[in-house]
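Visitor: Residue-level listing of the chains:
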Amino acid sequence: MGLAKAASDAADVDTDTLLEIYRRTALINRTDEKFRALLMSGTLRLVYYPVRGQEVVSAAMMTALRPDDYLVTTYRGVHDQLAKGIPPKILWAEFTGKATGACKGKGGPMHITHPETGVMVTTGIVGSGLPIANGLGLSSLLKGDGRVTVVCFGDGSTNIGAFHEAMNMASIWKLPVVFLCQNNRYGEHTAFADSTSAGRIVDRAPGYGMNAVRVDGNDASEMYAAAKAAVDRARAGGGPTLIEAMTYRMLGHVFGSNASYVPKALQEEAVREDPVPRLRQKLLDLQVPEATLAGIEQAIDGVIAEAVEFALSSPYPDIGEIRKDVLGQEIAA
Amino acid sequence: MGLAKAASDAADVDTDTLLEIYRRTALINRTDEKFRALLMSGTLRLVYYPVRGQEVVSAAMMTALRPDDYLVTTYRGVHDQLAKGIPPKILWAEFTGKATGACKGKGGPMHITHPETGVMVTTGIVGSGLPIANGLGLSSLLKGDGRVTVVCFGDGSTNIGAFHEAMNMASIWKLPVVFLCQNNRYGEHTAFADSTSAGRIVDRAPGYGMNAVRVDGNDASEMYAAAKAAVDRARAGGGPTLIEAMTYRMLGHVFGSNASYVPKALQEEAVREDPVPRLRQKLLDLQVPEATLAGIEQAIDGVIAEAVEFALSSPYPDIGEIRKDVLGQEIAA
Amino acid sequence: MNAPLKTISFSQGINMALDEAMAADPNVFVLGEDVADEQGGGVFKATLGLSAKYGASRVRSTPISEQAIIGAAVGAAITGMRPVAEIMFMNFLTVCMDQIVNHAAKLRFMSGGLTSVPLTIRCGTGAGVGFGGQHSDMLEAWFAHVPGMKVVTASNPADAKGLLLSAIEDDDPTLFIENVAMYAAQGAPPEAGYKVPLGKAKVVREGSDVTVITYGRPVLEVAAVAETLAGEGVSVEVIDLRTIAPFDAETVLNSVAKTNRAVVVHEAVKAFGVGAEVSSRIHEELFSQLKAPVGRVGSKYSPVPFSPPLEQAWLYSRDEIAAAIRKTLG
Amino acid sequence: MNAPLKTISFSQGINMALDEAMAADPNVFVLGEDVADEQGGGVFKATLGLSAKYGASRVRSTPISEQAIIGAAVGAAITGMRPVAEIMFMNFLTVCMDQIVNHAAKLRFMSGGLTSVPLTIRCGTGAGVGFGGQHSDMLEAWFAHVPGMKVVTASNPADAKGLLLSAIEDDDPTLFIENVAMYAAQGAPPEAGYKVPLGKAKVVREGSDVTVITYGRPVLEVAAVAETLAGEGVSVEVIDLRTIAPFDAETVLNSVAKTNRAVVVHEAVKAFGVGAEVSSRIHEELFSQLKAPVGRVGSKYSPVPFSPPLEQAWLYSRDEIAAAIRKTLG
Ligand SMILES: Cc1ncc(C[n+]2csc(CCOP(=O)(O)OP(=O)(O)O)c2C)c(N)n1
Ligand SMILES: Cc1ncc(C[n+]2csc(CCOP(=O)(O)OP(=O)(O)O)c2C)c(N)n1
Ligand SMILES: [Mg+2]
Ligand SMILES: [Mg+2]
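Sequence order for the protein chains is A, B, C and D.
In this text, residue positions in the first sequence follow this note's numbering: the first is 1, and each later residue adds one.
In this text, residue positions in the second sequence follow this note's numbering: the first is 1, and each later residue adds one.
In this text, residue positions in the third sequence follow this note's numbering: the first is 1, and each later residue adds one.
In this text, residue positions in the fourth sequence follow this note's numbering: the first is 1, and each later residue adds one.
Take the hints with a grain of salt, since some may be wrong.
In silico lysine-lysine, BS3-like type, Cα no more than 30 Å apart, as pairs [to be verified]:
#, chain 1, residue 1, chain 2, residue 2
1, D, Lys258, A, Lys324
2, C, Lys53, B, Lys174
3, D, Lys291, C, Lys327
4, A, Lys324, D, Lys202
5, C, Lys291, D, Lys327
6, B, Lys264, A, Lys174
7, D, Lys327, B, Lys324
8, A, Lys34, C, Lys327
9, D, Lys258, C, Lys327
Simulated from the structure, these hints should not be mistaken for lab results.
In isolation and in its complexed conformation, chain A is listed as follows (with noise of 0.2 Å):
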């Protein structure tokens, strides 16, 4: 049971894996942009949660992944499902309601389902996909299929019962899932303090005899070298690890609120350590030319505007979806 800091394995990360986690980085930063941007000039409208400030976190994890691994995510996912792979287009189409969506638009935004990139569920109930994600463990369990599940949740998540039964059952079965709390410091408009009476998540991980480990989720380096060590774990028949990452939401909970009640120093603080300038300038310290990143940053900008494209010219699904997926046979009209 080890809270032992990952750090000291951060320099074993290579500059590959750096650039990688950073071209993860750019996507999400680049998207979540696209996203407030759209919403802003009123061309789309939807119920968005920004991830702004939380990149590196989920780069990093998805980065230590197979591609067939699993992810559980939540409403606040897009980081977590670009990062685990999914195609910006259908990411696009599907959050615009749009027939060529992941989920021919039914879903929408808080419920992506893509099975072949691993995002298997995402969803809008606060602590709901830790169970699930036990599932998904269990079957990788009993069919020796060697994949790992990761499940992503927030700070204000682990008040929940679901997240205490959740623990305890994959701590017990010994499941290979890797629990990722994305502590961003505040449950909607409440900061963690407020909620939460342990000082730290991890500190609740002894109480389920759980391997734990809190990092600087927005350090690439150490965020990486924990994702990793947690999945090799976990593959390995070790069992399940909780990762405290801690990071911080830059914006408000949902596009369209303030975030008044975040005291100003907070703010601050974290302005002057937004991670994905961070990560960018490791980079260029580690000798990376300015320009591998620009021609990175210029792709994908090329790639999500063809998503937009796609997405706001895909057809809306038909109407008789709704007598489809209700039930294995269609509901007769």
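Assemble the complex: chain A is given as a structure, and chains B, C and D with the ligands must be docked to it using the hints.
Guide: Chains B, C and D with the ligands only, in chain A's frame:
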């Protein structure tokens, strides 16, 4: 956040207090025995959850309370209810579904309520008493009435969501609640270690920033000292305490079920450490005359005989009771 | 708020009821996620300003722990307090059904009347605003089927105020359902002290040809359809149930005894919904005088779809309401 | 079990279905509290012997964590496994409604068909055995109201076996309700492989004067009443729905089209129960030919009382069934 052993204070428990604990212990012990005898003989037919082996835990706990303090307990609650002071007559009448029962026979064994003695809720749903106990505590906090609430639950109940949510909330709100986990080693047929990822329930307390103590619940002095400390603390505004009282369920989960899944050695050890003769012997060692104890026991047997007679001779409730107490206003026939 | 308001929103109606109830009775308190002003006065702003006025102890922001929220409310209620718990979305009731159904609804009966649970649970829900499958369900039929519970919903801001105040003063556990698509809707402001009694339906439009029984948001749609049909010479009586359970059978049956035709309309999925009970009751009591079977309009048999055109198609529509009314006219 | 059995109990029927399903398909597994043999093979003994045969990995005893149980089942199901989760008592579903309603029932739709949840949830319940208010509720109407769920119950051991096997093989989440008062009930043993299709009702007794639609334990009561009434010259057709939702309207309507009279009987509280939907459907479709309003018999509007005479009085009774049938005959 102390997991300190309460035993050090144990020496402070005076003989009068121990004698009071014994009085309650004997009442529980003989009531339980009587229930089983009448079930065995076929005089009674009802679902009964024996409390044999757990008498001292609740006798000591409730002796540390004021009469107007609140109690929440479970289906396995006869010991708690009696120790809290519910009159045996109306307890027996409720168990037998009679109009003279605590709840007019409408609740039955799993749902004993008797506000006059502070028995507020008895629930048949694992874990559900804990959030309700918080509500009682919150009421005391808001009203400033100085009451303390004790909620009893089993070891198996610590893996359900309600436990977790209640512990967190009690801690952040500093509620005057004592969480009494009666760790009797089994939840139905499942051994503690097979279902619970913590080696000890108290290992979960640091994750809630909650004061906690594990005691030998079958040792009257140790149990009382822990109970008293927790109650005093709660009453003084110091917030909640988790007490893990180690005890043992000496019979099967429910009357009539066998307990073949229990290892013989454990069963034998438990018999050797039976808390009831242990406390009796302790009192004798403290120079309490045998005649005093025998007198207590005899009086109790009289009280129980009277209660049984009262229950058996009482009428069943009127059928019209089905329409009463559903809503504030009686339901039209 | 000093100058008299011309109109108020649904949220303001809620806020007024809470304010009056807390001012009148120190046993009333509010709890829920983000309800205190420090947390923004609730995500729907229904509790805005209340913690400033009554303190964050009586307007308590909670952790995300719905079982603990309702449990705490139940426990406080059996000591005589009158908690008002906010559960942000109705679908989140699924994580605390035990406290509501096994405890709040049953403690009075199981205790033989020794305790009672004067608890009000407020929740928002409703399709049409793009929240998708897990934030839009209308589950009132579940609670209506639970003896010991009352279920209430309002179709305008003044009713919201008046019904919520009654719910808080009522001695039984009450589920108070708010349609999120209506929070911003404006309506006439009620007088201070305005209350709407529980258990009584309201005839919101008189008519003689057919009775439409509905509640909540569809009241507006039904009223619009009634207006249109009036132009065609069809006289529609519209009843707003206000209290869904136990529902005011007397008002419903009196009306249908007059019109001999009826349609029930609600946003919930039609199958096994509240409409089935109301329809059955009418058939049972007025069979021989009914000119046509009682019609039912509800939403489609599927989870609420996200895609906007699907979401709209999923909902009951004015056309469907009009068609159901016409069908009873043969 | 080598010698052929003369009769089997309801529990044995369940056990046989699980056994056959696990033998046939490695994706089938069982989880729930105390289900493995080391923990006694389930409190109702329905899983006895299965962990010995298939291993404690596929017959998994769990902690007391119903959300985690159903969640684990949902997660495994979307990868193609076929979990059978035992939730001891139906009232305990109230602690895991979220996983059932927001997830199991909706994932197929919300994923646009990319995933599905071939999950079976077994639970026991029923009044009459003295468990009191929190262990006896019949909540099938809740699940019937949830698009995406199937709800099934059996009235005899062979059906239990045949329906459970079909439920496990079915690709949709199914709630399988067992009446605890019937676990020991004996019945004819089914052949190996015996299956009862979901979605199809069974005419268990033919008749011409009135149709009684029911399911589960009351099937026996209704059959007894039908027998008595036959002596009085009243010919009662009895339909066992078997699948409560979506229910087999065709069989029901065909029968009532013949008899022109109907009564629905269930153990659940009458108000807002399954009977309301069935009754409404019959009225809607066969209004002009009905000779009388469709009758409904259910249990009383209160929590289930503990006191034995109250509990009996709370339940639907043979007298009430007979009276409801007679009432349709005018
Ligand atoms: C059971 C439940 N309760 C309440 C909500 C409403 N809600 C949505 S997001 C949220 C905050 C969650 O905070 P956290 O877990 O920290 O995640 P974050 O949004 O910060 O990523 C809440 C309360 C919900 N979706 N589900
Ligand atoms: C939510 C819920 N799940 C399951 C049950 C069935 N059940 C009744 S008692 C029990 C065991 C509880 O064990 P523990 O908490 O250790 O208490 P004990 O019986 O040992 O006193 C179980 C599983 C229940 N009553 N409620
Ligand atoms: Mg957060
Ligand atoms: Mg136990």
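Visitor: If a hint holds in the structure, say so; if it does not, say that too.
Guide: These are the hints, each one checked on the structure:
1. For the proposed pair D/Lys258 and A/Lys324, the alpha carbon gap of about 33 Å is over 30 Å, so the pair is violated.
2. The straight-line distance between the Cα atoms of C/Lys53 and B/Lys174 is roughly 23 Å, inside the 30 Å bound, and the hint therefore holds.
3. Between D/Lys291 and C/Lys327, the direct Cα distance comes to roughly 21 Å. Compliance with the 30 Å bound is thereby established for this hinted pair.
4. Under the criterion of a C-alpha separation no larger than 30 Å, the hint pairing A/Lys324 with D/Lys202 is consistent with the structure, at around 27 Å.
5. Between the alpha carbons of C/Lys291 and D/Lys327 the distance comes to roughly 21 Å, so the proposed pair stays at or under 30 Å and holds.
6. Between B/Lys264 and A/Lys174 the alpha-carbon distance is near 29 Å, which keeps this suggested pair within the 30 Å criterion.
7. For the proposed pair D/Lys327 and B/Lys324, the alpha carbon gap of about 28 Å is at most 30 Å, so the pair holds.
8. With a CA separation close to 50 Å, the supplied pair A/Lys34 and C/Lys327 exceeds the 30 Å bound.
9. Simply put, D/Lys258 and C/Lys327 have alpha-carbon atoms about 25 Å apart, close enough for the 30 Å limit, and the pair holds.
In summary, the numbered hints that this structure violates are 1, 8.
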